[in-house]
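**Student:** We have chain A already, so just place chain B on it with the hints.
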Amino acid sequence: MMMSEGNEETKPKTEYTDGKNIPNVWLVRPCESYKDEYTECTSIKGRFHQYFIYGENRDCTQWQTDFENCMKYRLHNDIPALETVIQSESKRRYERLAPHYLNDVWKHRTSPPEDWNKPLPAKMQEEYKNTYLDHKAREYKASQT
Amino acid sequence: MADQSSGSTPVDKEDNWGYDLYPERRGEAAQAKWWQVALFGAGQTKTEKTACERNVYNCFQNSPLVKLMYSALKASGCEIDLRRHIACEVCDVKVSGGYDPRLNQIVICQNVARSKGMVQGILTHEMIHMFDACRHELNFKDLNHLACTEIRAANLTHCSFLSAMTQGDASFFRIQKQHAECVKHKALGSVLAVRPDVTKEEALAVIDKVFLKCYNDLEPIGRRVRRNSADMIRAYKERGNYGYE
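Line order of the protein sequences matches chains A and B.
Quick note: the first sequence uses our numbering, first residue 1, plus one each step.
Quick note: the second sequence uses our numbering, first residue 1, plus one each step.
Same shape as in the complex, but just chain A (with noise of 0.2 Å):
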């Protein structure tokens, strides 16, 4: 299941040359990262942790998948490797997302709350004038300008 087909019909077909402009190309992460999920994933505690949530073992494989694909392109500039583990990716972000956008509960918002920094009552003002939080504010304030 690892191996790539040898047979040149069964290869995803590509018109990338360049791996970095491939849409979405950002969403791959260093190699690294599919390995380490691989490990936790496969772990003792890991497992016991997936136990305790779902009541059963997570399928971990696409980790390793994605580690071997992304392996693949960095050291042979495999591109329909690296187009495998962008699918990948979009399809992490959609399960993920999905449930966040389906919380009816209550209603989205189409812009942030407009009394988000509304000003403290005054006696409040003045009791954090010059405290610990009121000078790490204003450094942070000037080392954004």
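Wrong hints could be hidden among the right ones.
[Claimed, not checked] Here are the in silico distance ranges between beta carbons for each label pair:
no., chain 1, residue 1, chain 2, residue 2, range
1, A, Y94, B, I175, 22 to 32 Å
2, A, E56, B, K200, 42 to 52 Å
3, A, D104, B, T199, 38 to 48 Å
4, B, I233, A, S111, 26 to 36 Å
5, B, R227, A, T17, 37 to 47 Å
6, B, M165, A, Y16, 51 to 61 Å
7, A, A122, B, R114, 45 to 55 Å
Just so you know, these hints were derived from the structure itself, not from any lab.
Since the structure is predicted, the reported quantities are computational estimates derived from the model, not experimental observations.
Backbone N, C-alpha and C fix where the C-beta goes; we use that ideal spot for every residue, glycine too.
**Tutor:** Frame of chain A, contents of chain B only:
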């Protein structure tokens, strides 16, 4: 609430929802009794406050979860200002922190949360409420909304196996899928603390109603981190793939 005698404070008035646990929010300065000062070194409020503020700043610099929440909020248009949106205060010992939706501020209880670890947990939990308030029409007076945001916060920041055991939701013989039970239990506690006018049965009914949708909404952390693992760092590193950079 244990410190309220019946009839003295009408619990059906919205104004009282939880605010008695945070006396400094109502303008009362914290007063230590003489024996508290003598026996427990209480009353060192200013030192305590600065120590708390240092822990807060430390978390924003070093904690992957807090940094992730900060990035997610900023990317959603709700950047956190350390001075405006966070307050260290003396509170009732029953609570360790909270979120004040009226002023849009996180409260860290300086007299309870004394370690970086505790402050990290409180910040992450409350920032999830902020995230929900930023991205959705969140009405804290709506029980469904309150239950949902508390389920999400418990889901993402609490309920390791050990904390579930302490709470009584899991044991060495009852492990399978007990995480969800722990989350329900924790969310119930949070809802009842803020809404003394709601019965346990009512709260449980609402929690059950919204549970599936809210339990599976893992944004912006994206996973239920395993305590003492690199999961927090993994969640932080992958934030760019989900729009939080």
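**Student:** Hint by hint, say whether it matches the structure.
**Tutor:** Results of checking the hints against the structure:
1. Separated by about 31 Å at the C-beta atoms, A/Y94 and B/I175 satisfy the suggested range of 22 to 32 Å.
2. Separated by about 31 Å at the C-beta atoms, A/E56 and B/K200 break the suggested range of 42 to 52 Å.
3. Separated by about 26 Å at the C-beta atoms, A/D104 and B/T199 break the suggested range of 38 to 48 Å.
4. Judged by the Cβ atoms, the range 26 to 36 Å given for B/I233 and A/S111 holds: they are separated by roughly 32 Å.
5. A hinted range of 37 to 47 Å for the beta carbons of B/R227 and A/T17 is consistent with their spacing of about 46 Å.
6. Remark: the range hint 51 to 61 Å for B/M165 to A/Y16 is upheld by a beta-carbon distance near 52 Å.
7. Under the hint 45 to 55 Å, the C-beta atoms of A/A122 and B/R114, about 30 Å apart, miss the expected range.
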